[in-house]
Amino acid sequence: MTEQVRLTVNGVAHELTVEPRQLLVHAIREDLGLTGTHVGCDTSQCGACTVRLNGAAVKSCTVLAVQADGGAVVTIEGMAPEGGLHALQNAFWEKHGLQCGFCTPGMIMAASDLLARNPDPTDDEIRHGIEGNLCRCTGYQNIVAAIREAASTLRAGAVPAGAHD
Amino acid sequence: MIPAAFDYARPDSLDEALKLLARGAGNAKVLAGGQSLLPLMRLRLASPGQLIDIGRIAELRGIRDLGNGATGIGALATYRDVLDSDPATGNHPILAIAIPIIGDVQVRNRGTLAGSIAHADPASDVPAILLALDASLVLRSGNGERVVAVDGFCHGAFATDLGEDEILTEIRLPASPAGVGMAYCSIEQPASGYSMVGVAAVIGRSGGTISHARIAITGVADVAYRAKEVESALLGSDGGAAAIAAAATHATDGQTVGSDFNASAEYRAAMAQVHTRRAIEAALAAID
Amino acid sequence: MTTDVLGASIKRVEDPRFITGKGRFLDDIKLAGMTYMSILRSPYAHANIRSIDTSAAKAMPGVVLVLVGADIPYNPLPMAWPAGGSAGIQNNVNTPRVLATDSVKWTGEGVAAVIAETAAQAVDALEAIVVEWEPLPVVVDAEKATLPGAPQLHENAPNNVVFEWTVGDKAGTDAAIDKAPVVVRQRIVNQRLIPNPMEVRGDIGLFNPGTDEYTIWMSSQTPHIQRLLLSAFVMGIPEHKIRCISPDVGGAFGTKIFCYADMALCLFASKALDGRPVKWVETRRENYQSTIHGRDHITYLEIAGTREGEITGVRVKTFANLGGRLSTIGPGIPTTLYGRVLAGCYKIPNVYAEVTGVYTNTTVVDAYRGAGRPEATYVIERAMDLFADEIGLDPAELRRRNFIAPDKFPYENPSGLGTASNGEKIYIDSGNYEPAMDMALATAGYASIDKAKADARSRGKYLGIGLSTYIEVCGVAPSKWIGAVGEGWAAAMWESANIKIHLTGKVVLTMGTQPQGQGHETTYSQIISSELGIPMEDIVVQHSDTLGTPFGYGSYGSRTSSVGGTAAVKAAGRIREKARLYAAHMLEASVDDIEVVGAEYRVKGSPEKKKTLQEIAFALDLGFSLPAGMDPYFDETVYHDTPNCTWPFGTHIAIVEIDEETGKVDLVRYVAVDDVGKKINPMIVDGQLHGGIAQGVGQALWEGAVYDDDGQLLSGSMLDYAVPRASWFPHFELGETVTPSPVNPLGVKGVGEAGAIASTAAVANAVIDALSPFGIRHLDMPYTAPKVWRAMHDKEARS
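Chains as they are written, first to last, in my numbering: chain A, 1 to 165; chain P, 1001 to 1288; chain S, 2001 to 2799.
Okay, chain A solo, but in the shape it has when bound (with noise of 0.2 Å):
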């Protein structure tokens, strides 16, 4: 038994075909190639697979793609505006929010929803808003500062949002 999903990902519509049993995570890796978006674990731990729905921050490997249909889903492949960087992945950069990567497009995902909420956050506010995340290379010092640094950026407005924000 096949389903018909609609997914607009990263502001570019898809049909799928795919099994009840599919996870969105799966559609966006294995059905449309965006595989920026990580498995870490398989209890909803890790947000490696954190992705936006419909404007919320979700781990795409506990939604199921049917449950999604008819949906906008930003990814990482999604965030940075034509040519450039939003604001979250250079602060990513500049600040050295990432060592190995895997945890990072997540850990941007989830950021986005947070400075979305609350655009100016405590270093506390930061780390309670990333709980969802888990990073094994960083001790999560530089990714904090990385997020600040985005909120610092972004409240100036200097830097255009993301093209799908």
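No lab work stands behind these hints: they were computed from the structure.
For clarity, every value in this text was computed on a predicted model and none was experimentally measured.
There's no promise every hint is true.
Unchecked claim - Covered by chain S, according to a simulated footprint, are these stretches of chain A (three or more residues, beta-carbon under 8 Å):
| # | stretch |
| --- | --- |
| 1 | 39-48 |
| 2 | 74-80 |
| 3 | 131-142 |
Heads up, the beta-carbon is just placed ideally off N, CA and C, and yes, glycines get one too.
We have chain A; now place chains P and S onto it with these hints.
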């Protein structure tokens, strides 16, 4: 990581969903946010033959202001929806205190209170919160609707009063007595973030004595429970430190305290007392 | 030569692909005709396999191949470090099987594999395989496994003993302890950990039936070593018949050094499928059961000395749990990398250690970040605190009195690093321990800690402070020492670098090392930019593919900057020399008159007569005009064998608060002063320290792999194994001293493991300090709230 195959249905109306559920004859599971069910299915610890996705049923959405301080939380209302809802958090401030410690941002964006109580995880914070608020649950089947108290709804770990043909459509929170304070105190198992012990307290004081007390505890036993011995010890007392401490010693009276490799029964029992005391103190401090 | 690029915090050149989602990790690779493998794993920790029926699985939709152990031509994986050589393992090497045949030794050992058209079909078919099991008695504890009557795992290993390895002067240490006025004894458990890189492991095997050659993509720290092991020791084919490619690696921390069954399975399966690619990616639960674990020591410690605080002897007996079989270098971790560094940074004259390696019904144990050195640091740093407590001396002062003095370097370590039979020695290269400790003490406010403790008490908390004045051995290692010392490490330890300069002017550095997030592409670019005067954007760093990179031993043991970096420096030196010769030819000058300024090769005294390196490369690569004896093209390869290891050090200080009612421990401050020698990129160095500290703190406070008596892994998923989250940490406060290493021209010591080695003991000592009002002198990690609460109440009950 990949669930076993299942049949999928996404009805547009509650009636249709109830028909499908009746036809599923115990082999079907209701899917709302999926934050409890899908992880189990991915590990193949649950393999239902059919999922009935109620996510598009408009009448299950939203949070209703029922007037006079009462609130209805639809089956599809996520934790995030509740946090963003003025009637919910304004009338029942414990929601704004306790929900931010449930899961994480992504889970709160998808997960629902109704899904959590229907799942009946003994470590979930939701049952304790709803018990302290004297919530009732609206259960619908093809045969009609019944409204049950949340107290008694959960029978055991992952077991509830919900019939195989029933859908939990709404959580109803009655108005809280005037002038109560609310608090939630917990200690988490670090890996999962679930509460080893969580205590919800709704406390009122009148004329120098405790006039209202609802204390509910999760994580300790198979089922979250109202700590009625604590409540009765507290009611009528002066709410001073000695009275609170004395009342808190009854936190696990009559309960079989659970144990696992994270925490012994002895520890859970002790933490139930500590967090009961802290929750009562915090609730009293929250009274305007 | 320019120097400004060396030592600068330059943004990483690898980051743009990762922040945009364009990194290419193993699971991101999709090949035409790809099949997917899933592995059936034992539900029992110890059992005989009576039969396996795969007939139903073979009939499942999409299934193209099912393999069991009997289908594998040669089943045991290799083991490369039989600790102690002739004194170590003899005839009891039992290594993991590609697929188990007769019996399984731990929960999660692979017994069958399904290859199917889709990943879901492969998983579905696993459920149709029927195995008839004969469960056997189980032992999971290393000490209990050696006792009479314990369940036996392997016939060739009586009492489950893998080896009994010793190091140091037994007679001298016994005598020192016998006559010491003060001896402190303590049993110490260093609990088992699950490493948890965020990217799990995986492989893609591809057989080429036309050439009989294999290609394997693997998430690995050591593609060259895997080519060697898989060809010569598993597949039985020449080394040149396998190409190993390690794409972007999403963290590793040791787990991806090793040769795993799945690698061989993907190759066998692709051959059986006549060249269809076979992909396998483990789930996180599989990662917890079948990728290596770390640590797991039980140690009996004795530390002896005078009432004045002179430590005169340390004697250690350790049971090292190696799991159900031996991982690739498992036996080397609790021996060479542990026993030989037990003296820490102290001038302890007598150190003796006995290590018993033990088989148990648990997942195999091998190198996890620090690998032996965190265990040693934990023992000696806990020992210093125990001894200080015994004689009533401040722990910092005790350390100060026993530090190796700065004028004693190079220092010969008494616990055995200098005892090679043929005179080859490892020295502690350089050190100056007091300034680092003083800086850390000042930053942490050590002098006024009593006031902080009193303040915490008023808030219902017990505050504690703990030090760890660690050293570690990095930059492994001189091959001649590895070969001579009798450690049985069946490999060399040199590194390689190749530099080419393309005709169009780009410099390509090709390395035998393999990054996993450390920013090698940036760091090496900085080195080459500094050495050749070429801007970083004109330098490309390549690695990760055995086709096209010189053989290298890979990245682990904090060795890349010291050993690989030196290879790169030497290769650049050869480029410079050839460039000078060719510049002299181009400029019609004597080579002695050519001076090198950055990328310019000038005639001394005539600065207008010059050629840039890229001009030289253009002409040399064309080769239209070559001086006698010179070959065209810039292409220089260096294989560098390091003359010695390097020894980073420093002082870490943790401050914790414990809730008096719940036992919950909060890390409230963390100060780290590290001396890792010179820094090529301080930003990257600090990042390595942050991550290492977090992992070490994780061990102290939250992490632990727990088995029940039946060998079931209770901490079998991220729901039960606490990988630390952002909100659990304070902002780490870093400081530095700089004592360059004389071992390499860069003066670097290595930093990949320092944080993890230092921090566990610092936090442990802080927790014990906080619990000192209860008379608690020691408590085993992790310091979970229930455990700390229990300890406080036990003491209260007794008093």
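Comparing the hints with the structure gives:
no.: 1; hint: 39-48; in the structure: holds (count 8)
no.: 2; hint: 74-80; in the structure: holds (count 5)
no.: 3; hint: 131-142; in the structure: holds (count 11)
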